[in-house]
Amino acid sequence: MKKSIYFDYAATTPIDPKVLKAMMPYLEKKYGNTASMHQCGRIVNDALTESRKTVSRSIMAKFSETYFTASATESNNTVIKGVAWANQDKGKHIIISSIEHDCILNSAKWLEKQGWEITQLKVDENGLIDLDQLKKSIRPDTVLVSIIHASNEVGTIQNITEIGKICRKKNVYFHTDASQSYGKIVIDVNKSNIDLLTASSHKIYGPKGAALLYVRHGVKIESLLHGGGHENGLRSSTVNVPAIVGFARAVEIYQQERKKEAKRLTALRDKLTKGILENIKGSQLNGHPTQRLSNNVNISFDKVEGESILMMLDMEGIAVSTGSACASASLEPSHVLLAMGISVELAHSSIRFSLGRWTTEKEIEQVILVLPKIIKKLRKISPFKN
Amino acid sequence: MQYSPKVLKHFRDPQNIGQIDSPDGVGEIGNVVCGDVMKLYIKVEANAKGEEIIKDIKFETYGCAAAIATSSAITDLAIGKTIDYALSLNYNSVVKYLDGLPPIKIHCSLLSVDALVMAIYNYLQENKKPISAELEKRHQRILKKAACKNKSLF
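Protein sequences, first through last, are from chains A and B.
Using our numbering, read the first sequence as starting at 756 and increasing by one per residue.
Using our numbering, read the second sequence as starting at 1170 and increasing by one per residue.
Among the clues, some could well be false.
Claimed, not checked - Derived DMTMM-like pairs: lysine to aspartate or glutamate, alpha-carbon spacing no greater than 20 Å straight-line:
| # | chain 1 | residue 1 | chain 2 | residue 2 |
| --- | --- | --- | --- | --- |
| 1 | A | Lys773 | A | Glu1007 |
| 2 | B | Lys1298 | B | Glu1229 |
| 3 | B | Lys1306 | B | Glu1295 |
| 4 | A | Lys785 | A | Asp801 |
| 5 | A | Lys1135 | B | Glu1303 |
| 6 | A | Lys1140 | B | Asp1245 |
| 7 | A | Lys963 | A | Glu1118 |
| 8 | A | Lys1135 | B | Glu1220 |
| 9 | B | Lys1178 | A | Asp1069 |
| 10 | B | Lys1178 | B | Asp1190 |
| 11 | A | Lys1128 | B | Glu1229 |
| 12 | B | Lys1298 | B | Asp1268 |
| 13 | A | Lys1132 | B | Glu1295 |
| 14 | A | Lys924 | A | Asp879 |
| 15 | B | Lys1175 | A | Glu1071 |
| 16 | B | Lys1314 | A | Asp1069 |
| 17 | B | Lys1178 | A | Glu1071 |
| 18 | A | Lys1014 | A | Glu1116 |
| 19 | A | Lys1135 | B | Glu1229 |
| 20 | A | Lys836 | A | Asp801 |
| 21 | A | Lys1058 | B | Asp1253 |
| 22 | A | Lys1135 | B | Asp1245 |
| 23 | A | Lys1058 | A | Glu1007 |
| 24 | A | Lys1128 | B | Asp1190 |
| 25 | A | Lys1131 | B | Glu1229 |
| 26 | A | Lys1135 | A | Glu1087 |
| 27 | A | Lys1135 | B | Glu1295 |
| 28 | A | Lys1135 | B | Glu1214 |
| 29 | B | Lys1224 | B | Glu1214 |
| 30 | A | Lys1140 | B | Asp1253 |
| 31 | A | Lys1058 | B | Glu1229 |
| 32 | A | Lys877 | A | Glu1116 |
| 33 | A | Lys1132 | B | Glu1229 |
| 34 | B | Lys1297 | B | Asp1182 |
| 35 | A | Lys1140 | B | Glu1229 |
| 36 | A | Lys1131 | B | Glu1303 |
What the hints contain is simulated information worked out from the structure, not anything from laboratory work.
In this text, all values refer to a predicted model and were calculated from it rather than measured experimentally.
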């Protein structure tokens, strides 16, 4: 097998060695349960406290507004179902965008079956929601607006401060799924009037199994997991201290590296985009040309199917992802690309490259070298001749 | 979802790619919206025993790795064989030949079989040769279902 080149940091990131080092004591000697009163428990509870301080400060949140869950999916499920459940006296209407991650979309769809009403905001061809449509969609019975901060597929960054302002003025809770943006973009929950926020550890070089759920004081939310009352009663479960310690360490590293890393990745991202668009006819960039994540490149290739591109790249040791139906469990093409008005054909042919901390210029050059040959080969097999 | 080494081999080095000049039969199936289109060309000749055999077969496919591998597989399975034998091939023959397919990709094998059936039907029809009731039924079934519906068969 060839040396692998990883371009799927948006799916998950490897653990930073510094993170692993911080976690090790809690996997070995410091194994206590944070709920135990004895010394063994107190030691790990102290670590949990320190981790919570670090993570809460990273978004300017209060310590007691910061909860740990096991995944962004769990945080998002808790927000959608928990806020819906706890605010039924106000109403049963929720607004989301049409480009949310499946865990928001499917939670909302599930609520719809239980009698809630869901409004899905349209996006423009760059993936941005229309703020006027948002304003018009908020009703007296609207309990929550949930908009993804940066798209996991095309990297488009929403104007969350503007969205927050509208929601605050209309007195409706605003949640943002910041799974892809957290760490990369500075977020201040107060400045942006964010009431609830989701972020994840394994997207920022922390371990899997830890995520953030921010809930502003005063927000009414019901718990999904009832039990021993951990996380201030919002999320019962024995606390996964090693993962949370790792998460907090990953946050610290990002705070030091953010500026430098964003600059480096943006340059690499633009080099990759330019290299592909210039060398491959019939290719187009999906998502916002500038208002996008520093590490996201999403490109469609006319008349070639995305999964076959992915598999050919995989054979070259290059890992990417695709919005093609053929690569999804549902055999449906990416709902995000379709919502942006991209044709089904081009959605099938989309490839996402997501760059990260260990992406090198050489790797970018390697892709620019092999990808044109792959597209050429697949077009040769294809019945559609260009 | 994991592909077998044989699927990957056929995907990497597909057999019998391209077109046949003045083919005796052409079968086309699927559409771009569904994510896969297969076009199959055949050349028919009589062998020493006087049976009609598929002398040459070529394909062009737009689609995923499984779509390309199953196209390649069906051409391998049918080349040099009698028309009767070719018509006896089914999706199981393709799946078996490829050492299995992920369940969600089984429909690709059916598409490749359907493309072959369409090419043979086209040949028989063009040459005003008798078409069995069974083949007529298969042909109608293929025409009837929209290409996307193939996916819901499994």
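Results of checking the hints against the structure:
1. This hinted pair checks out: A/Lys773 and A/Glu1007 have alpha carbons roughly 10 Å apart, not beyond 20 Å.
2. The hinted pair formed by B/Lys1298 and B/Glu1229 fails the criterion: a straight-line CA distance of about 26 Å is larger than 20 Å.
3. Among the hinted pairs, B/Lys1306 with B/Glu1295 is consistent with the structure: their alpha-carbon atoms are about 18 Å apart, no more than 20 Å.
4. The straight-line distance between the Cα atoms of A/Lys785 and A/Asp801 is roughly 11 Å, inside the 20 Å bound, and the hint therefore holds.
5. Among the hinted pairs, A/Lys1135 with B/Glu1303 is inconsistent with the structure: their alpha-carbon atoms are about 35 Å apart, more than 20 Å.
6. For the suggested pair A/Lys1140 and B/Asp1245, the alpha carbons sit about 24 Å apart, so the restraint of at most 20 Å is broken.
7. About 25 Å separates the Cα atoms of A/Lys963 and A/Glu1118, which puts this hinted pair outside 20 Å; it is violated.
8. A C-alpha spacing of about 33 Å is found between A/Lys1135 and B/Glu1220, which places the hinted pair above 20 Å, so the restraint is violated.
9. Under the criterion of a C-alpha separation no larger than 20 Å, the hint pairing B/Lys1178 with A/Asp1069 is consistent with the structure, at around 13 Å.
10. A distance of roughly 27 Å separates the Cα atoms of B/Lys1178 and B/Asp1190; the hinted pair therefore is violated under the 20 Å criterion.
11. The straight-line distance between the Cα atoms of A/Lys1128 and B/Glu1229 is roughly 18 Å, inside the 20 Å bound, and the hint therefore holds.
12. Under the criterion of a C-alpha separation no larger than 20 Å, the hint pairing B/Lys1298 with B/Asp1268 is inconsistent with the structure, at around 35 Å.
13. This hinted pair does not check out: A/Lys1132 and B/Glu1295 have alpha carbons roughly 33 Å apart, beyond 20 Å.
14. Taking the CA atoms of A/Lys924 and A/Asp879, the gap is about 24 Å. The hint is violated against a cut of 20 Å.
15. Restraint check: the Cα-Cα separation between B/Lys1175 and A/Glu1071 comes to about 17 Å, which is no more than 20 Å; the hinted pair holds.
16. At most 20 Å may separate the alpha-carbon atoms for a hinted pair to count; B/Lys1314 and A/Asp1069 exceed this at roughly 34 Å.
17. For the hint pairing B/Lys1178 with A/Glu1071, the CA-to-CA distance comes to about 14 Å; that is within 20 Å, so the pair holds.
18. Note on A/Lys1014 and A/Glu1116: the hinted pairing holds, with a Cα-Cα distance of about 18 Å set against a maximum of 20 Å.
19. Between A/Lys1135 and B/Glu1229 the alpha-carbon distance is near 8 Å, which keeps this suggested pair within the 20 Å criterion.
20. Between A/Lys836 and A/Asp801 the alpha-carbon distance is near 31 Å, which puts this suggested pair outside the 20 Å criterion.
21. For the hint linking A/Lys1058 to B/Asp1253, the alpha-carbon distance of about 34 Å lies beyond 20 Å, and the restraint is violated.
22. Proximity of A/Lys1135 to B/Asp1245 is assessed by CA-CA distance (about 19 Å); at most 20 Å being required, the pair is judged to hold.
23. Pair hint A/Lys1058 plus A/Glu1007 does not hold up; C-alpha atoms about 44 Å apart against a cutoff of 20 Å.
24. The straight-line distance between the Cα atoms of A/Lys1128 and B/Asp1190 is roughly 26 Å, outside the 20 Å bound, and the hint therefore fails.
25. Between A/Lys1131 and B/Glu1229 the CA atoms are separated by roughly 14 Å; this keeps the pair inside 20 Å, and the hint holds.
26. For the hint pairing A/Lys1135 with A/Glu1087, the CA-to-CA distance comes to about 25 Å; that exceeds 20 Å, so the pair is violated.
27. At roughly 28 Å between alpha-carbon atoms, A/Lys1135 and B/Glu1295 are farther apart than 20 Å, so this suggested pair is violated.
28. Annotation: proposed proximity of A/Lys1135 to B/Glu1214 is violated, straight-line Cα distance about 27 Å (limit 20 Å).
29. Distance restraint check for B/Lys1224 and B/Glu1214: the Cα-Cα separation of roughly 6 Å lies within the 20 Å cut-off, and the hinted pair is therefore satisfied.
30. Only pairs whose Cα atoms come within 20 Å are accepted, and A/Lys1140 paired with B/Asp1253 is rejected, the gap being roughly 33 Å.
31. As the CA atoms of A/Lys1058 and B/Glu1229 are separated by approximately 12 Å, the hinted pair is consistent with the 20 Å bound.
32. Between the alpha carbons of A/Lys877 and A/Glu1116 the distance comes to roughly 36 Å, so the proposed pair goes past 20 Å and is violated.
33. With a CA separation close to 12 Å, the supplied pair A/Lys1132 and B/Glu1229 stays within the 20 Å bound.
34. Straight-line distance between C-alpha atoms of B/Lys1297 and B/Asp1182 comes to about 36 Å, which puts the hinted pair past the 20 Å bound.
35. Among the hinted pairs, A/Lys1140 with B/Glu1229 is consistent with the structure: their alpha-carbon atoms are about 10 Å apart, no more than 20 Å.
36. The straight-line distance between the Cα atoms of A/Lys1131 and B/Glu1303 is roughly 40 Å, outside the 20 Å bound, and the hint therefore fails.
The structure fails to meet hints 2, 5, 6, 7, 8, 10, 12, 13, 14, 16, 20, 21, 23, 24, 26, 27, 28, 30, 32, 34 and 36 from the earlier list, while all remaining hints are met.
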